[in-house]
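Line by line, the protein sequences give chains A, G and R. The first sequence begins at 0 in numbering that gives the first Met the number 0 and counts up one residue at a time. The second sequence begins at 0 in numbering that gives the first Met the number 0 and counts up one residue at a time. The third sequence begins at 0 in numbering that gives the first Met the number 0 and counts up one residue at a time.
I should point out that these hints are in silico values taken from the structure, not numbers from a laboratory. Even for Gly, the Cβ is constructed at its ideal location relative to N, Cα and C. It cannot be assumed that every hint is accurate.
Cβ-Cβ distance ranges computed for the label pairs, FRET-style [claimed, not checked]:
#1 S209/R <-> R4/A: 27 to 33 Å
#2 P236/A <-> M228/R: 36 to 42 Å
#3 I60/R <-> Q110/A: 22 to 28 Å
#4 R4/A <-> L138/R: 25 to 31 Å
#5 Q110/A <-> V72/R: 50 to 56 Å
#6 H127/G <-> N261/R: 28 to 34 Å
#7 I111/R <-> H127/G: 27 to 33 Å
#8 V137/R <-> R194/A: 41 to 47 Å
Covered stretches of chain R (in silico footprint by chain A; criterion: 3 or more residues with CB under 8 Å from a CB of chain A, positions within the stretch not fixed) [to be verified]:
#9 140 to 154
#10 213 to 222
#11 247 to 260
#12 263 to 273
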Amino acid sequence: MNRLRRIVHTFGGPAGFAGACIVGLLVFASIFAPLIAPHDPLAVSILDKLMEPNATHWMGTDQSGRDVLSRVIWGSRTSLTVAGFAVVIGVTLGVTIGMFATYVRGGWLEQAVMRVLEAVSSIPLLIWAIALVGIFGVRDAQWGPFTASSETKLLVLLGLLYIPTLARLTYISALIEVRCNYVAARRLQGVGELRILFSDVLPNCLSPVIVQATLLLAIGIIVEAAVSFVGLGVQPPTPSWGNMLSSGRNYLLSGEWWLSVFPGAAISLTVVGFNLLGDGLRDRFDPRHSTSMSYAT
Amino acid sequence: MMRPEPLLRIDGLHIAFRAGHQWRDVVRGVDLHVAPGEVVGLVGESGSGKSLTALAILQVLPAGARVSSGRIVFDGTDLVGLSQKAMNERRGRDIAMIFQDPLTALNPVIPIGRQIYDSMRTHQTISHKAALARIQELLELVGIRHPRERMRAYPHELSGGMRQRVMTALAISSNPKLLIADEPTTALDVTVQAQVIGMLDRIRRELGIAVLFISHNLDLIAEICDRVSVMYAGKVVESSTVETVFEAPRHPYTRQLLRCIPRLHAGTGPMPTIPGLPPRFDTDLVGCPFAPRCDEARDLCRTSEPPTWREPGHLAVCWDAT
Amino acid sequence: MASLFLRRMGFSLFSLLVVSLLLFVLTRSIPDSPARIVLGDQATAQQIEQFDREHGLDQPIVVQYAIWLERLVLEGDLGRSFTTGLYMNEQIADTFPVTMELVVVAFVVATIVSVFLGTLSAFYRDSLIDYLARLLAVLGVSIPGFWLALILILAFAVEKDWFPPGGFVPLSAGLGPHLLSIALPCFCLSVFYLAVITRMTRSSLLEVLSQDYMRTARASGLSRSRILMYAMRNALLPVVTIAGVSFGHMFGWALIIEQIFNIGGMSRALLTAINQRDYFMVQTVVMMFTIVFVLANLIADLINAWLNPRLAMASL
């Protein structure tokens, strides 16, 4: 019983724990998709198209006869991959840039970097995402020997767009930490400034970054869905919750509700999970909510 | 000869704090009275319950604290259990309070003149022009120069001492009968402290206001108060006139407190302190709460709660008060 | 106060410049040049060169940017789109007001309702209203607006006939039909920010109510409404900031909502431009959003400076 209580506490309370469970479910589904999906998500079968939810197809079939449930499960893989890698890119680059800005503090470079980041983040994420995807196109791109699919381009783009928020968060925390006595002590020991920043200061700046990263995962899922919805993100036939909603929309007025309701429910549940988890982590690390920025869309 | 009814009389006041699911008494039976025009001091260390007692009078206790028993009789009415409406009629008008930290106690986004104005208009029927004139008078009274300009200032534009004066002006703006001063000088520099005390003394004499002066500083109490009550661990342990308490204290805590006051000609050497800490309020107290730190304690003190020794105008709660 | 205004203006302009430069460079660095798009894949190098010369595309980027900037600032001319040959001013003028109306209506309703709810929630803490408000807030933040839109269309426009499933009915066609056509889109647009602002108002007000100066206000015997005013003047500060940011973000979400409800606003302009590879139009549309966003933030900052004089004096 005590063990359970401690685990719940790690996630900042029962709500955070519930969030963690939902996220865990999502990760499980995306990793084991091939094993748990009842049908092949790409298997087209014109005879079976647009069937209502029934015993063989719990969530019905879409306009090409593909099983909706399997596509929803595989869609979790798409969404999680895009959102997850985007956050990884954003955190890695963002934290580095933020620490760099702290390193060069006191000069024009610091101001310049921060002002540019502020300016870029003055446009909402979604607009940047749509515009940039629009400009760079949705076809697979060739970069020397590498082929970048539409998914890859989207996640790289998102990752880059996360940089301003994460860089500023790191920078603000680092500026505060750098004034602390333990940093002065390390300097007196003769340790180089850069080394101090990355080995001593960085760990102390991470908790708001972790909270923000969790929230950005939720945002990533929504943005991927929104961008795919308008046809600019993950392209069919790869199942993504967003493009499923997009094609499902066409059948809304004729009554095939299952094409839209299930993918949307999946998105909502996932986002609820990440938001609860992020809130829980925030309560745990920073009960005064002074350094985390919430719901930046 | 009948003693005149005091302006404020506190009888057996108990204040409890919520700890988890229980309520635990922090103030455990305080008796206090203030006569019209009198200045009474309430002295004790942090955690003795003196501020809570003051907040209870105005019924502005923090969330999680409540009066569990006792009476607070002001001008003939028991304030405990009074409706918010009835209480509001007295707050700011008959009883006023000034607080410890003047920076956080004044609304940062409203000019000080406006804050006084709002309080005045709530309690008095007074025209806009007359109110403005009165505010200037009040600011001059508390010793703020150029009141006309200062009226428009925001709290963060003023120094600590000036803010305390503004709070005093706010408190006396509707001519209260009782002013509660909760450690008004603790957050100020020593030199400013003296000025503010001087100002408070002058005002109460000119306006005839009774003052309940709360502090942990015995010297300040001696300067301004007529009588003083000493609190320890939620109870009043000694109470008398300032002269008596300073010259002939009957409670060991008072005696040890007096010894701790630094004296200019006491020579060098370690300064005396009272060892140990006051008892935590979440523990059950057996015997006299001061016994663990008392240098005159006997076995009896540790096992049984001491009785209240009384003489006209003097009381002490100690086994050895005689 | 004036110097604060100038500083914020200055920073806003700087933001606009940075973003416009970034977009300008991006749209002119992609391999799909306008020449190729207009003339087709079979165009010869000579034809491309001629096209570029005619439209001033052969000059260095910095010069192009300077020209574009000058035309925009001095003449308010957004220029012509190379791909479609139409003047972008006209295209924007057709579509921008529609999106603007959607966002403004959604924003105003969301702000009023959420500040009211958040205040109730804080004052009657832990009551039924409080729990309901907090539950709605969590839901509102988590359920994506565009899915909510689909559900609502299913429920109210397909199953029942209360609202039209899409399309924008202009005011000229009647107030009733107009309101009906924007009701669902505005609601879906506002849900997220309603949740965020309710939560923000609640937590901000709770924090203010626990401050010492509120105790002083109570000890002075001020009336309930006066105490509320004293509290709100402090509590609204973070709310105003978030509201300013939200206004800009709503424009982004309006793009998606418009598509769902088939409303001809900026989203149509943007997506058409993307489909036609009309990148200059894309740049222009994004610039419009930027301007709105920057303006909204500026106004929010100014309101805050008026509410909180300490801010007006501190250097930003």
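Which earlier hints turn out false for this structure, listed by number in ascending order? Structure breaks hints 2, 5, 6 and 10.
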